[in-house]
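Line by line, the protein sequences are chains A and B.
First residue of the first sequence? That's 1 in UniProt numbering, and the numbers climb one at a time after it.
First residue of the second sequence? That's 1 in UniProt numbering, and the numbers climb one at a time after it.
No wet-lab data here; the hints were simulated from the structure.
Every value quoted in this text rests on a predicted model; they were computed, and no experiment measured them.
Just so you know, even glycine gets a beta-carbon here, dropped at the ideal spot from N, CA and C.
Be aware that one or more of the hints could be misleading.
[What the hints assert, rightly or not] With a Cα cut of at most 30 Å, we get these calculated DSS-like pairs of lysine-lysine:
{"hint": "1", "chain 1": "B", "residue 1": "Lys143", "chain 2": "B", "residue 2": "Lys155"}
{"hint": "2", "chain 1": "B", "residue 1": "Lys143", "chain 2": "A", "residue 2": "Lys37"}
{"hint": "3", "chain 1": "A", "residue 1": "Lys40", "chain 2": "B", "residue 2": "Lys143"}
{"hint": "4", "chain 1": "B", "residue 1": "Lys155", "chain 2": "A", "residue 2": "Lys37"}
{"hint": "5", "chain 1": "B", "residue 1": "Lys128", "chain 2": "B", "residue 2": "Lys143"}
[To be verified] Here are the in silico distance ranges between beta carbons for each label pair:
{"hint": "6", "chain 1": "A", "residue 1": "Gly19", "chain 2": "B", "residue 2": "Val140", "range": "40 to 46 Å"}
{"hint": "7", "chain 1": "A", "residue 1": "His64", "chain 2": "B", "residue 2": "Glu93", "range": "46 to 52 Å"}
{"hint": "8", "chain 1": "A", "residue 1": "His67", "chain 2": "B", "residue 2": "Asp16", "range": "25 to 31 Å"}
Spelled out from the first residue to the last, the chains are:
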Amino acid sequence: MASVDLVYFAWVRERIGRGEETLELPDSVVTAGDLLKHLKTLGEEYETALEHENVIRVAFNQEHVDHREPIAGVREIALFPPMTGG
Amino acid sequence: MADSPVRVRVQRDDFDLAAEVAAISAGRRDIGAVVTFSGLCRDEGGTLGALELEHYPGMAQAELTRICQEAIARFSLQAATAIHRYGKIAPGENIVLVITASSHRQAAFDGANFIMDFLKTAAPFWKKEHGADGSAGGWVSAKDADDSARDRWTKS
């Protein structure tokens, strides 16, 4: 089990119902993609927020990463929708 | 060089376009071109009351810095500035400012374009609309056209 800080933004934050939390991740969660699948087992709010996994963007320690990126050693993981600034 | 050629700020307050243009070339004699882009909140035909800009503190600054540094390296810019606001922004107000400086104009134009294309698709900001009638609007959807605009920089 590894402990990791999760932060959520925009509609991902609204649908999950909180902006941040710390979770213990089971050893089976290796990549960002595994994390999304794991979160979806934790409740309806996660299922709704992460329904379309392919549109969810992931950042490790404040840098964009691919869903295949391994989580090992990461302190902060952010999940958010495609960006719409500018 | 005393100053970093990259200036990035993420702030709630408005910015002063003229002051930022003056700052990018202050004390320098090697800059021949300065291009500025500012993005404003439009009222969408009178239906939009305000935009609410959410951002990822820390990463927003870091990502804008990475994008500006890449633009400087790619287009041999002498300096780049990116300022992005967050919070509630009314129609007519500024949202974003990008300034590039180079020896010759083409690099400054291209650099500003490049920074905006990556800013829109990679800087962690999200817009939520509020209706002019006070209704709570929804989150703005990302546009495929923005991805296409970004991708043209990676095709050779």
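Problem set entry | Index of numbered hints that the structure contradicts, given in increasing order | When the structure is compared with the hints, numbers 4, 6, 7 and 8 turn out to be violated.
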